[in-house]
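Number of protein chains: 2
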Amino acid sequence: MAATIALPETELRAAIKEAVAAGFERQLALTQELTRQASIRGHEKSAQDVMEGALRERGYAVDRWQLDPASILSHPGASPIDVSYAEASNVVGTLEPKGGAIGRSLLINGHVDVVPTGPLDMWAAPPFEPTIKDGWLEGRGAGDMKAGLVAALAAIDALGHAGYRPASRLHFASVVEEESTGNGALACHQRGYQGEAALIPEPTGEALVRANLGVVWFTVDVKGVPAHVHESRSGVNAIKAMRRVFRALDDIEVLWNASKRLDPWFRDHPHPISINVGKIEGGDWASSVPSWCRLHVRAGFYPSVAPEDALTEIGRAIEEAFRRDPALAKNPPTISCNGFHTRGYILQPGSEAETMLREVHETLNGEKLSAITFPAYLDARVMALYDKVPTLVYGPKARAIHGFDEAVDLASLERVTEAMALFIAGWCGLEPKG
Amino acid sequence: MAATIALPETELRAAIKEAVAAGFERQLALTQELTRQASIRGHEKSAQDVMEGALRERGYAVDRWQLDPASILSHPGASPIDVSYAEASNVVGTLEPKGGAIGRSLLINGHVDVVPTGPLDMWAAPPFEPTIKDGWLEGRGAGDMKAGLVAALAAIDALGHAGYRPASRLHFASVVEEESTGNGALACHQRGYQGEAALIPEPTGEALVRANLGVVWFTVDVKGVPAHVHESRSGVNAIKAMRRVFRALDDIEVLWNASKRLDPWFRDHPHPISINVGKIEGGDWASSVPSWCRLHVRAGFYPSVAPEDALTEIGRAIEEAFRRDPALAKNPPTISCNGFHTRGYILQPGSEAETMLREVHETLNGEKLSAITFPAYLDARVMALYDKVPTLVYGPKARAIHGFDEAVDLASLERVTEAMALFIAGWCGLEPKG
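The listed protein sequences correspond, in order, to chains A and B. Counting along the first sequence from 1, when you hit position 409 you're at 409 in the numbering used here, and nothing is skipped either side. To convert a position in the second sequence, counted from 1, into the numbering used here, add 1000.
Hints are supplied without guarantee of correctness; some may be wrong.
To be verified - Below, computed lysine-lysine pairings styled on DSBU-like, alpha-carbon distance capped at 30 Å:
1) B:K1098 - A:K330
2) B:K1260 - B:K1330
3) B:K1433 - B:K1098
4) A:K397 - B:K1330
5) B:K1368 - B:K1388
6) A:K260 - A:K368
7) B:K1260 - B:K1133
8) B:K1045 - B:K1397
9) B:K1098 - A:K133
10) B:K1045 - A:K330
11) B:K1017 - B:K1330
12) B:K1017 - B:K1133
Rather than coming from a laboratory, the hints here were simulated on the basis of the structure. As the structure is a computational prediction, the values presented were derived from the model and not from experiment.
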């Protein structure tokens, strides 16, 4: 029998809506508990403890495993690893249908890792003490993407509250390393977790991601020639030499943005390519001409470009900038990838999964689902490129992602929870909870 | 009876020369032992232990005391203190004449603190394992100024070997904090150690310092507005904003160098003013628009300028640079002095002490002593400005001060040792060792 994909009937939709509303307080409590975990890179353990507990409590079959660098690095989609994975684990909860599968299987994916807070005094409230204000839940990671991850769990809870459970296999993956390498989602893929479609509730503002960019992280190391300041003109100041790198990166950003017309997905984006100078460190002493400076950069590039080609082009531009300066030409900078090394992906239009989500969104909101291009990394590339399945990135409205006072819009969050419940019901089919 | 100042007679000069040569191996051993102590700021204790031991062994009356920030900061010549002085001590050894003083008293001053090494792989040999190669002693601090400090001690030893000792009070001060604040020499002044002249064997290449610059250390803190990189144009990148600070500092450097014709001492120096960007740190994460960046800068300025006026002018230039950019104008950078806050000084020509040293130098080398202007900080400003005595900065030839493979020229070192012995003999007078 062919799998049936259909939006739930009116009556069931009403029951699901009610169940989402009834469970929203519990959903928020779990979102806040998860946001209280300061799960910056290397410190994701307690957040994964929360997710593991939530999955076990709900009766999922749980698989938790530590990320294995050697195994990850054997995959062409792996990014270099320059930290310990001793505390880095993924958690996957699985629901198997009791009857025969009547819908399609689904992989839900979300990440618990968050980016650093920056200076605490720039936050209105402590970033890991989530607070609700004017209909927003504030906290580092609330938007990106703990609220979405918990919302997906709450969506399945709501189906249960209405008396049902998915009628096809559903994997619920809570992963790490999304903000630095994408190796967490990749490790899930390597362990065999996939579905006939994937759903990732990143904060997209209730839009669907059509395409996203490839991303590389790299460091640029410039060596100087130190000297006492009174002979500073005989030295080469590694910090000031970095200005040439800034200029080369600016030039590349302009050039790549100018070529957006060649990309079918990003040609209409106002500014698809960002090359971000994110961190700098250099020199040891105010009174010495600094002998070293290291820049940490993240660059995006079109889905048609391989990460190694993007890095090569950037490297060439930086070397060329140094070659033009006789003092610097002797010490060309060293460029090395130390994180993201990932290709972009495209959600090919017309899949059944997308059609299902469009129907859900339009039924709920009375307006068409808009597709957006997303100029940053998404774990969706793993399912799109390696599982080769339709991967729907769709989630709530958030603000100040990676910034101060990051927050998620609670009304949007509830709508998205309902939409995910309807999508899961429609895509996986339902069987009585029994 | 008026004090007698006179170059020793020919026979005694020959005896001193011989004594310096005979003691040179022992002098080198102590220089190497001192250079083995990695006396970067905050870690000067073992170096001062070596100096204290050497002074006690030679029968000096030794005073060693911990630097007291409160007492130092009460002096107008103090620099701000942003580190602990728990391990920071000065050592002063004193020789009192046994007979009545027949010459003039002298303060010999040198510092044991050294600047950081920078990356170790840039050194031919480990920086704190001094090695002799092709007539040079290599090691961090060998040039600046452990060789000079030990040479002064060896000069007095040589007088002893020839059967004499200074016939006036001599203080031998081994100080800290010369490379960051000048508070070590200032603490000596506050404790009452001074002479009718001062001698500082910094590595001047056997020239005499006529004038030196004032110095300030300051930090520039720039705040950004962080954002996810995909919205990077809505943020303000604190690292890239620092480029405006670089430009403002470059402009100030050009401007101040252009006005060198107004300074009687530095008008002939090719490039008296250096504003050194020595250290930078900023941002937390490659994929976030960085919200902070801090620059550590050292600026020199003419002896006629007060440090507070130099800082004010720099601050104004930086603020003006930010005011011109609407995105940056909202977050003007913060500038604060975190080290050197010192005025320059001038050795007024014509003092008896200078005349004595000129006579010594010309007798020894058969050529005139050249006077140089020194565009960096020297502890000499303490004796010149606050003791108001002729302060002679005169020492051996060194290379790569503050750089890699720093070294001191051993032939020059021996010449300078002899010159100092003759100067001490001439200035302080001699009495039999007895």
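The hints, checked one at a time:
A distance of roughly 61 Å separates the Cα atoms of B:K1098 and A:K330; the hinted pair therefore is violated under the 30 Å criterion. Distance check on the hinted pair: B:K1260 and B:K1330 sit about 35 Å apart at the alpha-carbon level, beyond 30 Å; violated. Distance hint between B:K1433 and B:K1098 is fulfilled; the C-alpha atoms sit about 9 Å from each other, no more than 30 Å. For the suggested pair A:K397 and B:K1330, the alpha carbons sit about 28 Å apart, so the restraint of at most 30 Å is met.
Restraint check: the Cα-Cα separation between B:K1368 and B:K1388 comes to about 26 Å, which is no more than 30 Å; the hinted pair holds. The straight-line distance between the Cα atoms of A:K260 and A:K368 is roughly 26 Å, inside the 30 Å bound, and the hint therefore holds. For the hint pairing B:K1260 with B:K1133, the CA-to-CA distance comes to about 39 Å; that exceeds 30 Å, so the pair is violated. For the hint linking B:K1045 to B:K1397, the alpha-carbon distance of about 27 Å falls within 30 Å, and the restraint holds.
Taking the CA atoms of B:K1098 and A:K133, the gap is about 82 Å. The hint is violated against a cut of 30 Å. Proposed proximity of B:K1045 and A:K330 is contradicted: the alpha carbons are some 39 Å apart, above 30 Å. Proximity of B:K1017 to B:K1330 is assessed by CA-CA distance (about 67 Å); at most 30 Å being required, the pair is judged violated. Distance check on the hinted pair: B:K1017 and B:K1133 sit about 24 Å apart at the alpha-carbon level, within 30 Å; holds.
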